[in-house]
Amino acid sequence: MVDERIKALISESLDHPLAPEDRSELDQALESSAEAREYLESLQQVDAMLAELPAEPFPDGLHDSIVSRVQLPAPAKKSWLSGLRELPGMVRYGFAAAAGLVIAIGLYEIRPEMVDPPNSQDLMGTMVPKRTGQVTVLDTFSFEQDSLSTSAALERREDELVLDLRLDAEQPVEVRIQLLGEGYSFQALAQSQPSFETFEFGDRAIRAVARGPQEFSVLLDPTGESTRNARVKLEYSSRGGLLEERELVPRQ
Amino acid sequence: MDKTREIELVELCKNGDRLAMGTLVRNYERQVYNAAYRMLGNPDDAADVTQTAFLKAFEGITRFNPKYKFFSWIYRITINEAIDQLNRRGRSEPLGETEPESDQADPGQMAVSGEAGARLQAVIMQLPENHRSVLVLRYYNECNYQQISEILQIPEKTVKSRLFSARQQLKDRLSTLEPHSNG
Numbered sequence: 661m662v663d664e665r666i667k668a669l670i671s672e673s674l675d676h677p678l679a680p681e682d683r684s685e686l687d688q689a690l691e692s693s694a695e696a697r698e699y700l701e702s703l704q705q706v707d708a709m710l711a712e713l714p715a716e717p718f719p720d721g722l723h724d725s726i727v728s729r730v731q732l733p734a735p736a737k738k739s740w741l742s743g744l745r746e747l748p749g750m751v752r753y754g755f756a757a758a759a760g761l762v763i764a765i766g767l768y769e770i771r772p773e774m775v776d777p778p779n780s781q782d783l784m785g786t787m788v789p790k791r792t793g794q795v796t797v798l799d800t801f802s803f804e805q806d807s808l809s810t811s812a813a814l815e816r817r818e819d820e821l822v823l824d825l826r827l828d829a830e831q832p833v834e835v836r837i838q839l840l841g842e843g844y845s846f847q848a849l850a851q852s853q854p855s856f857e858t859f860e861f862g863d864r865a866i867r868a869v870a871r872g873p874q875e876f877s878v879l880l881d882p883t884g885e886s887t888r889n890a891r892v893k894l895e896y897s898s899r900g901g902l903l904e905e906r907e908l909v910p911r912q
Numbered sequence: 774m775d776k777t778r779e780i781e782l783v784e785l786c787k788n789g790d791r792l793a794m795g796t797l798v799r800n801y802e803r804q805v806y807n808a809a810y811r812m813l814g815n816p817d818d819a820a821d822v823t824q825t826a827f828l829k830a831f832e833g834i835t836r837f838n839p840k841y842k843f844f845s846w847i848y849r850i851t852i853n854e855a856i857d858q859l860n861r862r863g864r865s866e867p868l869g870e871t872e873p874e875s876d877q878a879d880p881g882q883m884a885v886s887g888e889a890g891a892r893l894q895a896v897i898m899q900l901p902e903n904h905r906s907v908l909v910l911r912y913y914n915e916c917n918y919q920q921i922s923e924i925l926q927i928p929e930k931t932v933k934s935r936l937f938s939a940r941q942q943l944k945d946r947l948s949t950l951e952p953h954s955n956g
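The listed protein sequences derive, respectively, from chains A and B.
Counting from 661, one number per residue, gives the positions in the first sequence under this note's numbering.
Counting from 774, one number per residue, gives the positions in the second sequence under this note's numbering.
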């Protein structure tokens, strides 16, 4: 017959190291009692079975169902982008025209290599839909390491496929974004704090070097028709060394 | 996810940031679903509870106290919702009412997958809810005593005694299923 206190100590020993006096008491009991040893063995078997029970597969579509139904409080303050919408009409249309010009270059000069448009900053904030209305988060990831904190999300905003990316880096970090799927391309950018040290883009790849807090969104497909094919590869590196690479794929 | 990042994301959610919300959901959804499944033993009910838990968590996000961890909050809501679900549907099964099939249930031999996993889940479902919840948080959400205490708002001594009792019951139930005793 195993004492109840010894049984309780055996159970607790499965969860964490015991206090020295409890460990000593349990060791003595195990040394002197075959029943105590048998009890320990049986609880260890139960413990192993519980620990090895595999996770239940997460249902397809549940993530989208959750994020599409969640109601959040209204934003407390306006973003830099919303201020743009309040600019006088001529200025606003000037931005749009500049954006259209650069996008036209991107669309009609199909170049696999990177280009560095000198006026890329001008088009920022004009063409990417804001995160209002119906937003479906298709995939996300976040990563933190020492001086870098970053997150990315592939989203469908209304009908438009958008990549949203944030990072905060104490040292310059190079971010490479590659589109791996078919039927979509980089169409437009929005950035809340335009302070890239380097920014280059082609229709299938972006390379940016930045430090400090950065947020930007990239419109990938204004029709959203290519959502199911969308695969976006992200690579983060610093001082020539790869920090993290990840692929965003719609989880539906 | 570390606590600083979690607090940042919660603060963004309080300002209506859906990307931050999506990141928090993505980070915890599988663990929340698995906890709900182990509490309820049914994937459809677990999906319902997972969804409701997140909806309630974000509905009340402005009331969230950052001195706690978000996962403590979401797990607490999940466990409470799961227990409510069991009570609403009258599926709470006190010890002894449902018998799992008895073949191949030797704890020492059982590979914990497929049918064997289902039988173990059936035995877990026979535990009282308050014992089941500490077991679920300990094994399927990898919480320690202090975290379980915070989530369920019970003393750590109670966590320890419920875990002990849950394991004892599982051991007894599983050994009655053994076709041949280990000796």
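In case anyone wonders, no lab produced these hints; they're calculated from the structure.
Keep in mind that a hint or two might mislead.
[Claimed, not checked] Partial list, derived from the structure: chain B residues whose beta carbon lies under 8 Å from chain A:
1) ARG778
2) ILE780
3) ALA820
4) PHE831
5) THR835
6) PHE837
7) ASN838
8) TYR841
9) ASN853
10) GLU888
11) ARG892
12) LEU893
13) PHE937
14) ARG940
[Stated by the list, open to error] Using 27 Å as the maximum straight-line C-alpha spacing, the simulated DSS-like pairs for lysine-lysine come out as follows:
15) LYS787(B) - LYS776(B)
16) LYS787(B) - LYS842(B)
17) LYS829(B) - LYS667(A)
18) LYS840(B) - LYS944(B)
19) LYS840(B) - LYS829(B)
20) LYS842(B) - LYS944(B)
21) LYS944(B) - LYS667(A)
22) LYS667(A) - LYS930(B)
23) LYS776(B) - LYS840(B)
All C-beta atoms, glycine included, are put in the ideal place defined by N, C-alpha and C.
We went through each hint and held it up to the structure:
Taking 8 Å as the C-beta contact cut-off toward chain A, the hint placing ARG778(B) at the interface holds, the least distance being around 6 Å. At a threshold of 8 Å, the smallest CB-CB gap from ILE780(B) to chain A is about 12 Å, leaving the interface hint violated. Interface hint status for ALA820(B): upheld, as the beta-carbon distance to the closest one in chain A is roughly 5 Å, under 8 Å. Evaluation of the PHE831(B) hint against chain A yields a held restraint, the C-beta minimum of about 5 Å falling below 8 Å.
With a least beta-carbon distance of about 6 Å to chain A, the hint placing THR835(B) at the interface is held under the 8 Å criterion. Given hint, PHE837(B) at the interface with chain A, is violated; its Cβ is 11 Å from that chain's nearest Cβ, farther than 8 Å. Hint status for ASN838(B) relative to chain A: violated, with the closest Cβ pair at about 16 Å, above 8 Å. Taking 8 Å as the C-beta cut-off, the interface hint given for TYR841(B) is violated, the closest approach to chain A being about 19 Å.
Interface restraint check for ASN853(B): the shortest CB-CB distance to chain A comes to about 18 Å, outside 8 Å, so the restraint is violated. For GLU888(B), the suggested interface contact is broken, since its CB lies about 13 Å from the closest CB of chain A, more than 8 Å. Of the supplied interface hints, the one on ARG892(B) is violated, with its beta-carbon coming no nearer than about 10 Å to a beta-carbon of chain A, more than 8 Å. Proximity of LEU893(B) to chain A holds as hinted, the smallest CB-CB distance being about 6 Å (cut-off 8 Å).
Annotation: PHE937(B) was flagged as interfacial toward chain A, and the flag holds, the nearest CB pair being 4 Å apart, inside 8 Å. Among the interface hints, the one on ARG940(B) holds; its C-beta lies about 5 Å from the nearest C-beta in chain A, closer than the 8 Å criterion. For the given pair, LYS787(B) sits about 16 Å from LYS776(B) by alpha-carbon distance, which is consistent with the 27 Å threshold. With a C-alpha separation of about 15 Å, the suggested pairing of LYS787(B) with LYS842(B) holds against the 27 Å cut-off.
The straight-line distance between the Cα atoms of LYS829(B) and LYS667(A) is roughly 40 Å, outside the 27 Å bound, and the hint therefore fails. Restraint check for LYS840(B) and LYS944(B): the C-alpha separation of about 38 Å exceeds 27 Å, so the hint is violated. For the hint linking LYS840(B) to LYS829(B), the alpha-carbon distance of about 19 Å falls within 27 Å, and the restraint holds. As the CA atoms of LYS842(B) and LYS944(B) are separated by approximately 33 Å, the hinted pair breaks the 27 Å bound.
For the suggested pair LYS944(B) and LYS667(A), the alpha carbons sit about 12 Å apart, so the restraint of at most 27 Å is met. Of the pairs offered as hints, the one joining LYS667(A) and LYS930(B) holds, with about 15 Å between alpha carbons and a cut-off of 27 Å not exceeded. For the given pair, LYS776(B) sits about 10 Å from LYS840(B) by alpha-carbon distance, which is consistent with the 27 Å threshold.
When held up to the earlier numbered hints, the structure conflicts with 2, 6, 7, 8, 9, 10, 11, 17, 18, 20 and fits the remainder.
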